[in-house]
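Undergrad: Please put together the full structure from these sequences, using the hints given.
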Amino acid sequence: AQKVTQAQTEISVVEKEDVTLDCVYETRDTTYYLFWYKQPPSGELVFLIRRNSFDEQNEISGRYSWNFQKSTSSFNFTITASQVVDSAVYFCALLNTGTASKLTFGTGTRLQVTL
Amino acid sequence: GAGVSQTPSNKVTEKGKYVELRCDPISGHTALYWYRQSLGQGPEFLIYFQGTGAADDSGLPNDRFFAVRPEGSVSTLKIQRTERGDSAVYLCASSLTSGLAGTDTQYFGPGTRLTVL
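Going line by line, the protein sequences match chains A and B.
When you number the first sequence by this note's numbering, it's gap-free, plus one each residue, and the end is 1315.
When you number the second sequence by this note's numbering, it's gap-free, plus one each residue, and the end is 124.
Don't read these hints as lab results, they were simulated from the structure.
Remember, it's a predicted structure, so these values are computed and weren't measured experimentally.
Check the hints yourself; a few may be wrong.
[To be verified] Subject to a maximum C-alpha distance of 30 Å in a straight line, what follows is the list of computed DSS-like cross-link-like pairs (lysine-lysine):
1) A:K1238 - B:K24
2) A:K1238 - A:K1203
3) B:K24 - A:K1203
[As the list claims (entries may be wrong)] Covered stretches of chain A (chain B as the covering partner; in silico rule of three or more C-beta atoms under 8 Å from a C-beta of chain B):
4) 1220-1229
5) 1232-1243
By construction, the Cβ of each residue, glycine as well, lies at the ideal position given by its N, Cα and C atoms.
TA: Given below as C-alpha cells:
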C-alpha cells in the first residue's frame, strides 16, 4: 500500500520568509514518482514538479527547491523569499508504476503568506 | 494550448437526482482520470481511462457511479440517485500516456463542485 503524509496542516509566514513544506511517503515499490501540486483559491491543481525514485538530485527552480531523500522517504519543498502569491494549498503525491498510474495524495498543507 | 476543461463548474442538485459531469482533456492526451476531493482533503482517485476503456475503476465508491469515454476524448462521470455524501469537488486530469509504459504528469482541470441538498 502507498501513503503520503503531510503533517503540517497550516503554515503562516510573513512575506520574504523562507518556508519548507514536509512530505513523507510510504511505498513498497522500488520504482515510483513523486509530485508537488499547488492549489490556489481558484481550485485548480497546478503541477510544480515530478521526480522519479532513481534521481535523488535536489532541484531548484527560481524560488522553489525540492529535497528528495530516499533514506528518510521524504520529498520536502522549500519556498525561498515567500510572496503573497504563494498562498495556496500544496499537495505532495505519489505514483507507483504498478498501480495503473493513479496518484496518491497527501492531505495538503495550507500556506498563508502575509505582508 | 488549452488545458483540461470541466463543465459545469458548479452543480447543485437534490438528493436522489441523477447528474452528469463532463471533462474535456488536453488534445492528444490518451489517458484521462477522475478524482474526488472532499473539503480539507487531498484528491482521491476514482477511475482512469486509457483510450476508450476504463483501465482501472477501483476507486469508484459504489455502483451509483459510472464513467464513460466513448470516443477516447471527452469523458462523462455519471452519478445516479445522488446522496448528500456525494458532495465534493470532482476533478478530471489527463496525461499523454499512462500505465507501465508511461508515467506522464497528470494535468488537472478546474473541477466541478457538486452540492447535493
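Undergrad: Looking back at the hints listed earlier, which ones does the structure fail to meet?
TA: Numbers 1, 3, 4, in rising order.
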